[in-house]
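S.K.: What follows is each chain in one-letter form.
2 protein chains.
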Amino acid sequence: MLEQIGQNAKAAARFLLTAGELKNKALYAIADALIEKTDEIVKANEIDLQAARENGTRASLIDRLILTPARIEGMADGVRQVAALPDPVGKVLDGTVRPNGLKIEKVKVPLGVIAIIYEARPNVTSDAAALCLKSGNAVILRGGKEAINSNKCIADIMRNAIEKAGLPKDCISLIEDTSRESSVALMQLTKYVDVLIPRGGAGLIKAVVENSKVPVIETGAGVCHVYVDESADIDMAANIIFNAKTSRPSVCNAIETILVHKDIAEKALPAIKAKLDEKDVTLRCCERSAAILGSGVEAATEDDWYTEYGDYILAVKVVDSIDEAIAHISKYSTGHSEAIVTKSYKAAQKFTDEVDSAAVYVNASTRFTDGGEFGLGAEIGIATQKLHARGPLGLNELTSMKFIIRGDGQVR
Amino acid sequence: MLEQIGQNAKAAARFLLTAGELKNKALYAIADALIEKTDEIVKANEIDLQAARENGTRASLIDRLILTPARIEGMADGVRQVAALPDPVGKVLDGTVRPNGLKIEKVKVPLGVIAIIYEARPNVTSDAAALCLKSGNAVILRGGKEAINSNKCIADIMRNAIEKAGLPKDCISLIEDTSRESSVALMQLTKYVDVLIPRGGAGLIKAVVENSKVPVIETGAGVCHVYVDESADIDMAANIIFNAKTSRPSVCNAIETILVHKDIAEKALPAIKAKLDEKDVTLRCCERSAAILGSGVEAATEDDWYTEYGDYILAVKVVDSIDEAIAHISKYSTGHSEAIVTKSYKAAQKFTDEVDSAAVYVNASTRFTDGGEFGLGAEIGIATQKLHARGPLGLNELTSMKFIIRGDGQVR
Chain A
1 MLEQIGQNAK AAARFLLTAG ELKNKALYAI ADALIEKTDE IVKANEIDLQ
51 AARENGTRAS LIDRLILTPA RIEGMADGVR QVAALPDPVG KVLDGTVRPN
101 GLKIEKVKVP LGVIAIIYEA RPNVTSDAAA LCLKSGNAVI LRGGKEAINS
151 NKCIADIMRN AIEKAGLPKD CISLIEDTSR ESSVALMQLT KYVDVLIPRG
201 GAGLIKAVVE NSKVPVIETG AGVCHVYVDE SADIDMAANI IFNAKTSRPS
251 VCNAIETILV HKDIAEKALP AIKAKLDEKD VTLRCCERSA AILGSGVEAA
301 TEDDWYTEYG DYILAVKVVD SIDEAIAHIS KYSTGHSEAI VTKSYKAAQK
351 FTDEVDSAAV YVNASTRFTD GGEFGLGAEI GIATQKLHAR GPLGLNELTS
401 MKFIIRGDGQ VR
Chain B
1 MLEQIGQNAK AAARFLLTAG ELKNKALYAI ADALIEKTDE IVKANEIDLQ
51 AARENGTRAS LIDRLILTPA RIEGMADGVR QVAALPDPVG KVLDGTVRPN
101 GLKIEKVKVP LGVIAIIYEA RPNVTSDAAA LCLKSGNAVI LRGGKEAINS
151 NKCIADIMRN AIEKAGLPKD CISLIEDTSR ESSVALMQLT KYVDVLIPRG
201 GAGLIKAVVE NSKVPVIETG AGVCHVYVDE SADIDMAANI IFNAKTSRPS
251 VCNAIETILV HKDIAEKALP AIKAKLDEKD VTLRCCERSA AILGSGVEAA
301 TEDDWYTEYG DYILAVKVVD SIDEAIAHIS KYSTGHSEAI VTKSYKAAQK
351 FTDEVDSAAV YVNASTRFTD GGEFGLGAEI GIATQKLHAR GPLGLNELTS
401 MKFIIRGDGQ VR
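Chains as they are written, first to last, in our numbering: chain A, 1 to 412; chain B, 1 to 412.
Just to be clear, a hint being listed does not mean it is correct.
You can't tell identical chains apart in this list, so a pair holds if it fits in one copy or across any two.
Straight line, CA to CA, 30 Å or less: simulated BS3-like cross-link-like pairs of lysine-lysine [stated by the list, open to error]: (1) 331 with 164; (2) 10 with 262; (3) 206 with 25; (4) 169 with 25; (5) 169 with 346; (6) 103 with 25.
Bear in mind the hints are in silico, worked out from the structure with no lab data behind them.
These numbers come from a predicted model, not from an experiment.
Take the sequences, apply the hints, and build the full model.
M.R.: Below is the structure:
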């Protein structure tokens, strides 16, 4: 079954290599069909919601699962936005003529077949399919069991829409078996799948990275830091920390730990705490920061430095120097986003040179790590690995490249 | 032990982030030291050679193992050539100012710690170390047991040389335990190793791809094709096939199969065979090509289409159309290099559009797939995968990138 899906996807991917403008036609057809079939989607979604309620699923998860007509319109808009982006395929990245007359070009090509393993949000079904299709890739979707009825309905609508537009249905496929086995089998499908992208919580990503034989683009986990340098503007530091922690604590570009230089800690920490108190943020403090802040804070343990709270909790540590701050980040960060708040040119240069994360900020909130905010268009996640792509995973990152060499009989 | 090597390499990699010109100083010091200590290397190599002879190792493998003063001079020259290449680190790939005033730059950075698992050739020890060091990466080398004495000697010389030049010794390390276990353990060292590159035969590469938890850049295996289109110049086709098969049959960019259009097969096949007879190439033919060529050829089986002979053997198949040729390549190729010989503009366009391999040629030999021939400088192998790098793996491909964002207090 999975073997057949893989084989069909690979054949569809060959078709997509030269599909050109048909891809956009198909994307607009998907958007129209989603709107037209809103009632069908809402009905399918209702089955998932009822099952979730019966299983006593918590409210925040049910909220992720709900598809209202407004949300479906949002999904269709998202697909149209992707259609309107420039097509990355065929872009000439480099080119040269060699002394022997060979003309060598390096051009962007699709990756081939992309598999996406994701969790509860059914809107990922159309988001991910649109990004893959636009970049010329066939996609195999494997969503969570909580949203299976919604996902089946959305996938069917998309498959029919692209077929009418002239593309093979199998450019988009959904694995309907949501067992753990189907997910593990997908990770072994090296014959047909070129890349696997997990999208979801830390547990899912870890399982995929550890078990996949298909190459993985790792997205997600963010233990992000703000370092408050001795020369920082304290108001700016408090504002940035407040924004980076509380504007949306559940997302991966929110911060989990602040590091404060010892020479500014006495003044800065009370100001930072006062601001965070507006949203009742719990502080988990090292000994020195606890001594400065007094009562109303908790003690941090070694585990705290590694933890992505995803909640109104912040770990706090006083450091002796910028070197200690960078060493702490090097040890505990997941390599997502880190910021320094400073007035010092030298400290800013040192921090941006030596901190090895996907996004390194000076005097700005880590919350900007996002394809849209970076001006890159829609994205499928934030890559925290170092191979292939790092940072927002947009259309460009869903491509590979090849060399084309034109000669007139050259031999070596 | 391995844990300690990993930890030291990671610390050295942090130092390398800002090592700048010290890297070149260290590379020239390595080259000088290799020349200066030629006798030492030759002596250590003699121990390996003696063991190989006692084990009845075949001559071709012993030839790969031998280090003469001339070969050591070649190694030193290779290191100097790498030193003379431009430094990829710090290159600004892209940059923009966002409407909110954030200045965003995408810059090249080192990957971090690169591990290389390789087989008998001891010259890889200095080649790989030079490329990794130049691109700002610490390297962990794990060579084969046949060359362990040579490798230890070369690694020691390099470590001492870079230390004198001002870099930490641990920018280069060698795993002296050549057991299978040490190799498997290295593949699990995700905490310290950012990328693993296997360099060697198909067996080694398969083992690494299947077992590594560390991200892998796959290099190597080449089942390459030449397709002779119905409109081909027959002399050109015979020349290109002769060159691509016989100039160096053991390398990955040599061809293994030719596909010949049915409308030119009667004329082309005898001419191609006549040329290949000069080097006694064995032909493994499909039924139709065998019928044309008559006696003196062998019958091809299904397995032949998948096989990288690395020898004076060539599989031959007659196809009905360019579509059949492309479908054959899509099924049996390892995605390395393929060529079409044609006078037709349309066929050339179709072939380069639809063949999905790292290098696609029109009217030229596949033997040009090489960093030097492409004008990219030294390389560590040819990547046949689609993520991160495809084709020659040079200095640029040994880097990652990060975003640097400069603001003045922006929050989201």
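S.K.: Taking each numbered hint in turn, which are not upheld by the structure, reported in ascending numerical order?
M.R.: Hints 3, 6 not satisfied by this model.
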